[in-house]
Each structure stands twice: as C-alpha cells, then as structure tokens.
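**Student:** Each chain, written out:
There are 2 protein chains.
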Amino acid sequence: MMAMQWAKKIAQIQPFYVMEMLAKAKALEAQGRHIVRMEAGEPDFTTPAPVLAAARLALDEDRTRYTPSLGIPELRAAIAQWYQTRYGVAVSPQRVVVTPGTSGAFQLIFGLLLDAGDRVALSDPGYPCYPNMVRFVNGEPVAIPVSPQSHYQLSAELLVEQLAPQHARGLKAAIVTSPSNPTGTLIPDAQMQTLLSAVEGQGGYVISDELYHGITYGCKARTALEFSENAIVINGFSKYFGMTGWRLGWMIVPPSAVRGIEMLSQNLFISAPTIAQYAALQAFDCAGAMDEQVARYDLNRRYLLTALPKLGFGIGVEPKGAFYIYADATQVLSKTGLANGEALCMAALEQAGCAFTPGLDFGRYRSHEHVRFCYAAELAQLKIAMERLAAWLG
Amino acid sequence: MMAMQWAKKIAQIQPFYVMEMLAKAKALEAQGRHIVRMEAGEPDFTTPAPVLAAARLALDEDRTRYTPSLGIPELRAAIAQWYQTRYGVAVSPQRVVVTPGTSGAFQLIFGLLLDAGDRVALSDPGYPCYPNMVRFVNGEPVAIPVSPQSHYQLSAELLVEQLAPQHARGLKAAIVTSPSNPTGTLIPDAQMQTLLSAVEGQGGYVISDELYHGITYGCKARTALEFSENAIVINGFSKYFGMTGWRLGWMIVPPSAVRGIEMLSQNLFISAPTIAQYAALQAFDCAGAMDEQVARYDLNRRYLLTALPKLGFGIGVEPKGAFYIYADATQVLSKTGLANGEALCMAALEQAGCAFTPGLDFGRYRSHEHVRFCYAAELAQLKIAMERLAAWLG
Chain A
1 MMAMQWAKKI AQIQPFYVME MLAKAKALEA QGRHIVRMEA GEPDFTTPAP
51 VLAAARLALD EDRTRYTPSL GIPELRAAIA QWYQTRYGVA VSPQRVVVTP
101 GTSGAFQLIF GLLLDAGDRV ALSDPGYPCY PNMVRFVNGE PVAIPVSPQS
151 HYQLSAELLV EQLAPQHARG LKAAIVTSPS NPTGTLIPDA QMQTLLSAVE
201 GQGGYVISDE LYHGITYGCK ARTALEFSEN AIVINGFSKY FGMTGWRLGW
251 MIVPPSAVRG IEMLSQNLFI SAPTIAQYAA LQAFDCAGAM DEQVARYDLN
301 RRYLLTALPK LGFGIGVEPK GAFYIYADAT QVLSKTGLAN GEALCMAALE
351 QAGCAFTPGL DFGRYRSHEH VRFCYAAELA QLKIAMERLA AWLG
Chain B
1 MMAMQWAKKI AQIQPFYVME MLAKAKALEA QGRHIVRMEA GEPDFTTPAP
51 VLAAARLALD EDRTRYTPSL GIPELRAAIA QWYQTRYGVA VSPQRVVVTP
101 GTSGAFQLIF GLLLDAGDRV ALSDPGYPCY PNMVRFVNGE PVAIPVSPQS
151 HYQLSAELLV EQLAPQHARG LKAAIVTSPS NPTGTLIPDA QMQTLLSAVE
201 GQGGYVISDE LYHGITYGCK ARTALEFSEN AIVINGFSKY FGMTGWRLGW
251 MIVPPSAVRG IEMLSQNLFI SAPTIAQYAA LQAFDCAGAM DEQVARYDLN
301 RRYLLTALPK LGFGIGVEPK GAFYIYADAT QVLSKTGLAN GEALCMAALE
351 QAGCAFTPGL DFGRYRSHEH VRFCYAAELA QLKIAMERLA AWLG
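Chains A and B are the protein sequences, given in the same order.
Counting from 1, one number per residue, gives the positions in the first sequence under full-length UniProt numbering.
Counting from 1, one number per residue, gives the positions in the second sequence under full-length UniProt numbering.
Fair warning: there could be bad hints in the mix.
[Stated by the list, open to error] Computed, partial: chain A to chain B, Cβ under 10 Å:
| hint | residue |
| --- | --- |
| 1 | A53 |
| 2 | Q84 |
| 3 | Y87 |
| 4 | F106 |
| 5 | C129 |
| 6 | N138 |
| 7 | V142 |
| 8 | H167 |
| 9 | R169 |
| 10 | A257 |
| 11 | T274 |
Hint data in this document are derived by calculation from the structure and do not stem from the laboratory.
No residue lacks a Cβ here, since even glycine has one placed at the ideal position from N, Cα and C.
This is chain A alone, in the form it adopts within the complex (with noise of 0.2 Å):
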C-alpha cells in the first residue's frame, strides 16, 4: 500500500490517554481484575424512563426521516421554554439549533466565526477536544493557563496580553465552561461579566459551553445568557439527562448567526439525530429525578473532598459541579517517586485497581502534577477505592 500523507494538523492531535486507561481497565476486568472505574465522564444512571418511552413512540411511528437541519421546531420550542423556566431568560426557538452532541454545536460555531489563523482562547487545563476542532478548521488555539486563583476559568485579567490594542490578531473567540471539566469548578459571576465585556468589546465572542448545567451543588449555574444577549450558549443532553450515546446537544446564537450555522448544518450533518430528537422532547420534564442523581453525586463529592487529601492530594479550590476532581498530586508523585500523572494513573491502576485519568489529557499547564477523578459511580466503589490507594500509598 502507498505511504499515506496526512494532514500536518493531524500531528498535533494527541490521543486520549483516557482511552488507554479505560482500554487498559478493561483488559485487567477481563482477566477477573476488580477495577474502580472513576476514569471516563459518563453518568452512571440509565436513560430516564420518559426518554425511553418517547423513543419507542418515535419508533412505532417510524419517526426517523431527517429532520429540518435547525432541527424538529417542537425541540427547539421546548429548549426555548427551558430557558425561560431554569434560568427565567427570555429566548425565541428561532435563536435554538439542535445539534449532533455538542461536538457538533462547536464544529457548527467554529466554522462560522473561524477562518485561517484566527484565535481563540481556551483554559489549561480545559475540554481537550476545543483546541482539536479549532485546529480542524486552521483556526490557532491559545491556551491560557489558569489556577485555583481564577477558580480555573478564564478571566479579563488573565487575557488582557491577548486582548491588548497592540495585539495584531485579538481574540475572535473565548471559551468559558462552567462547571469545568476537568476541574468542576464555576466561574464566578463578576468574572464571566467582566470577561464578557473584554472579550465582546474588541469584537470576539464568548462560547459558553453549560455542559455540566444542573450539576451543580449547593449553588446554581447562571447561563451566559443573563450577562449578555451576545453570548454564544452550548448544550446538551449528554450530562444532566444522562442521555450520552444518544448525540443530541444545542446552541443558542445571536438571531443575525442562524441562518449561517443552518447552512453549515445542512452541510456537515444534514441534521441531528431524529429519534433523538423526538426523544428529548420528554427530558425537561425528567428534572425531578435528575436533581436526585445530582443528589447522589453530591455525596460521592464530599467523600472524596475528606479522603483525597488524606491521601495527599490537593485540592486547590473546591469543585461546585460537573462529577469530577482535579487534583495536584505533586505530593503524592513525590512520596511514590512515580515520574509524573501518567506513570501514577497506570500504576494506581494495575497495582491498586483504582482507574483514574492523567492531567496530561487536559493541557499542558502543570498537567504532569495532576490526576482527574471522576465521581460519577457508586459511593461504596469510591470508598473500595480510596482505601485501596491509602493502602497502596502506604
């Protein structure tokens, strides 16, 4: 076979070393290996009962043509309506899209905003696939390191050398996630105000990724949306609703945006998911059960906030959603003589079965030093495990 060229982008793709942890997890469970499982960021409950029925309907009625590219109108009603609901914030189903996951909301958003050469910033640690897909359409990601300091978010202050006058290019945009991951921490209120009107006032747009909305503990998540009409607001129905395989995301976008992201939609997709679709039509009303799981996870949380720094990991600052932990393990690396994050995951992995992911995935900003837990799992297969370690660590 011939040698084949690739893409000189696709050389600065790095694989996900979650990949191999749960590969690797997966191997030592198939040799008889009892593995806790706190590597991957996926709920841990089943699709709610409502969903699944709306999909069996969808089913006896055949309900799997495509669908309009911006998506079934009902859906982008009901999206609508929930933003009216959760965060009392006015929004016209014209300005809603469904998308295929919200992968495919940020390919729709990148294509638009982005030509060749054209920056947007980003938090390191952050989402690893944000730089990938800037990169995907020869965009340039600017990764912006950030700490406990700014709650690990993205601030006006920590962007004022990108924004300054003198700086050639700006920023056309800048991605905030709130609640992180990995780090599941919030970005304060004045701080995505601030950072909003730095941002928009050279002309660049805040993407807004609420992902992790409704996961949230003890405090709520505000949508962009409240601090401005310009903000550019991703979501979906992988977290909350629990409902990951099944590839159903949104974007809310400025009205003068919509009819350049329909034609983008039409282009890479032709449109979302259509049982999908006709499905979620039922999960907004499924919030009840889903704050319960929330519930849950909020005692997973505050286990793991006692027994990992008994451990010697560190917490920086206290995570308030999403299900993950992001910890410094520098105390921990020191005490093991293990190298760095990688070699503590693996070996955490295959001498204590506790699987948990390396910081490398999430940046390069001392990423080396930290480890991400994810909570979303039994409380009784969280204490196996931090009992495990704390033998393991000795």
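Add chain B to chain A, keeping to what the hints say.
**Tutor:** Just chain B now, kept in the frame of chain A:
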C-alpha cells in the same frame, strides 16, 4: 446586538434551493393544494421492521452509552462481512470506521488528508456538500465540468491538466460518486481503473462515495476496493436501507489511516449514535426486502425515461442507479420563455403542483439549464405529475 463577523468561507456556501422548494411545497400543501413531491432525495419506504425491532431491543437494554469512536465491534465486523458477501472483497474489520452519516465520514477523511489550500477534484454537477465540506477545513475544491460523454463522472482524461507534473499543487484527492447524485449514472469500470491509477500515481487518493450502491438497475455497482486497496470507500445506511434520520454511515480506510481517523472521530463526534449502531446490525439481512424497493423504483425510472423526453426534457445518458434523473431543460425553457431551471422549478410548483429541483443546487456547469427529478415516490403520483406538466406545457 453586535454585528457578527462570519468566516469568509461562509460567503462561499450556497443555500440549497431544494430546501426552498421543499418549504414552498409544504406551504402550498398547507393551503390544501396537492403537490407531487419529486424534490427531496429520500427513500419513500419505512425503516425495515427487523431494524426497528433491534432498536427497540437496544432501548429495552438501555444500550445508549457512548461507544468506541470507531464504532461497536459487532457492527464493524458486520460491515466488513458485507464486502465479502456483496463484492467478494476481503476487508478487515479493523479498517472499518462507523460514522455519524456519510457526512461524518467525509469530515473525517477531509480532516485527515487536507491542509489549508490542498485541492480536491469533484464533478460538476455533483453533490453540493462536498465542496462546502472541503472549504470547511480550508481545502480548495476543484470543480470539473462533466457531461454525458463521461457518464457525468470524473475521468483521468478530464483530470489531465490538474494532475500534470507542472501543476505545482497536484491533487490531494478526487471524489467519485457512483451511482451519482444528481445524475444517477455509474462510472464505467475502465474509467474508474484509469482514474485510480492517475490519481494514486501522483500521490493522491480517490474517495469513492458508494451511498447509492444497491440501488442500481440491470447492473451492479462495483466498489472501488475491487480496483485498488488504497481507495477510500464511504457508504451508509441512509439510501439503500432507507435509514436517513438514523444518521449512520461508514468508511473503509487503509490500515495506516485508522489511528488518525480514530483521533479525529474522538474529537469531532465522540461516537456515532448508539441506538442506530445496534439497530443497523440487522440491516444487512434485509437486502432482499430492499431489492423489492429497488424493483419498484425501476418501474418509476422506466416510466420517467419515456415520459420526460415527450415533455421536451433531454436525458443525455441513461441513469442506471440512485433515484434521480438529471434532465436538460433547454427545450422546455425555450418553449415556456422561462429564464432558467430555478424559474422553471418555481413555476412548475406554483402552476402545475409539481416539485423538483433546479440544477443550480449541484454546480455551475450548465446548471441553469438542468433540473433534477427524484423518483423515490409512488408511480401513480409520478403519472399525475407528468400529466400535469403535459397540460401545463401545452
């Protein structure tokens, strides 16, 4: 609100006129008019019952989590087996990538192959999403005018200039769609063989879109893999299996491409819709029932091949696949005094209750003089349409 600045490439994306026709047709239907719908490109039969049953089982077992990015192993194996059964070609399941529709497959392969400015040859007329998807990753589509002489397909001869050694940038890829949308024509074997040799001989790739395979009349479409193991083959469940809204496709790539495609798929999609993947496991066993639908389409095709020329529509080369006829409307335009295919389509819809698509949706080469009829419809409806057009054209 701020004035949005879109990426420059957005201005190059044309809206689909078929969508305008579709909306207009629906609006007229809502007013109580009867419209014969020949504009969209969607099978007119329901999802095969065994596929629906498999989807119900997936719901019962709540198989709705993320899957591996390359697809569930059972489906990759079933697709590989299909190549053995259908074409007598051995394909390793490791080379099979499950994608969210063929749209997803095209995004992946363009992402893998194209750096900014890399050139992709495609036929004009052709499927309009190709050039837009190439532009999305900042590649450069090279539209090659094709005519009945080459069966509306690319050929080595037509690409001579683009492939000449003195052409600094060569071609990174050439797309073949056989059977073709919008022309319904197949590429002759010898033409495919010389095209593959010419493109691969200068280090490029032939991407073979085989989505309409199975829907052929009196002949069998051959996969590009029968001619070259370096061919990149894209196919899906939407057309032959009638599963449009399930959003499920696949791609066969050379072994060296799998890892890069996997990384791109993780970043762009995470995974294809899970329920659709489990449902599709039953699709290949439905080929017999699908062939009955194809036999029905063939009756429609034969009817239109006789009826359309009587109305003055020219058919340059007999379409032997898909469910489209791409007709030269020069004579009809001259008779009616209408300016172009767009005006003809709008007038035929409003005045004769017949919806079909202007050629402009498919390119720029003589596209104003052409229209596309889709015959995935009831024969009785097509007869009504031809009678109405006959009366209207006088």
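**Student:** Now tell me if each hint is right for this structure.
**Tutor:** Hints versus structure:
1. A53: OK, holds: A/A53 within 10 Å of chain B, min 9 Å.
2. Q84: This hint is violated: A/Q84 lies away from chain B, its Cβ roughly 19 Å from the closest one there, beyond 10 Å.
3. Y87: For A/Y87, the interface hint is violated, since the closest Cβ of chain B sits about 19 Å away, which is over 10 Å.
4. F106: holds (9 Å)
5. C129: With a minimum Cβ separation of about 5 Å from chain B (threshold 10 Å), the hint on A/C129 holds.
6. N138: holds (4 Å)
7. V142: violated (17 Å)
8. H167: violated (17 Å)
9. R169: With Cβ-Cβ at 13 Å, over 10 Å, it is violated.
10. A257: Result: holds, 5 Å to nearest chain B Cβ.
11. T274: holds (3 Å)
When each numbered hint is compared with the structure, violations occur for hints 2, 3, 7, 8 and 9.
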